[in-house]
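Colleague: Sequence:
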Amino acid sequence: MTIRAVILGLLGAMFVAAVAYLNDHVWLLPHFVASHFPVFVFGSLVVFALLVNPVLFLVRRNWRFRPAEVAVAVMFMLVACSIPNYGFLGVFTKAMVMPANVYKSEPGWEKNHLREYLPPHWQPAAGKYVPEFTDNFMQGGRAGGENISVADVPWHYWQSSLMTWMPLMMLMTVALICLGLILHKQWTQAERLRYPIADVATTLLEQDPNRAMPKLFRSTGFWWGLGLVLFIRVVNGVYAWFPENMIEIPLRLPFYDVADHFVAIKHADMWWWAWLGPMMYPTVIAIGFMLASDVGLSLGLA
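The sequence shown: position 34 = 32 (this note's numbering), numbered continuously.
Quick caveat, the hints were computed from the structure, so don't treat them as lab data. Treat each hint with caution, since some may be false.
What the hints assert, rightly or not - Here are the simulated distance ranges between beta carbons:
no., residue 1, residue 2, range
1, 99, 291, 30 to 40 Å
2, 17, 210, 51 to 61 Å
3, 240, 105, 46 to 56 Å
4, 273, 295, 36 to 46 Å
5, 251, 16, 13 to 23 Å
6, 103, 157, 38 to 48 Å
7, 124, 232, 27 to 37 Å
8, 58, 8, 17 to 27 Å
9, 295, 124, 48 to 58 Å
10, 170, 193, 32 to 42 Å
11, 60, 251, 46 to 56 Å
12, 17, 173, 41 to 51 Å
Each residue gets a CB set at the ideal place from its N, CA and C atoms; glycine is no exception.
Could you build the full structure based on these sequences and the hints that come with them?
Modeller: Below you can see the structure in the form of structure tokens.
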């Protein structure tokens, strides 16, 4: 671990922390971190391995980042990805406020005094339904759904609950990192488990000491695959803007008519539309080529 690797990782982590909220809730773009394979992080890794590192190599060979250094930076960014959206903040504040919102509409909660089972300092506004706080939170800001600035957040309602939960969350994060370090040796050496996401990063970071371009990017098959996916995305992008002048290359397999014949499917699972309309993700298919066949089969069946 070098100083420049730590600096690069911290800059990447700060970028994730700063931009994720804007991306998800202000610009309303696809979620910045939507899965265990953050596209932004590994997309940045591809750009870094394809453009930045080769340029540094051509300028001066010892300026190029070693695979271990880039891996450290990626690790910092992946840890930061555990905070925004589905990782933590997407459910943390909602989970604290929702009980007060439900409490006013569920007589059974009040009849059984459920609120009294939780200490007041665990919940914003002491767990009480406060219209100017609870209703505005449910609307995403002020009445009418207007966005608010950080200074306009009613921090006095949040202070006690945040002071209770944030230290616990920080300790839990440290505990999970320590647990990973403890189990890593057992998993990798004794049980010989594979890390699929780490395998992808390793493939992208493979270097030749005498060549600027990584091994993967010198493969003809890689560029053919990239060209095919790029062609599909460009065609579908043009179709989104000009549907009357362009055809669409479908990536979803629609079997929704099955639900019309078996109506019980719609009542059995709220995600029935996802089961009957599987989506093909070129990124996932590409990752499958980088994994061992047994790991790829396990992930596919899961």
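Colleague: What hint numbers does the structure not satisfy?
Modeller: As far as the earlier hints go, 1, 2, 4, 5, 6, 7, 10, 12 are violated by this structure, in ascending order.
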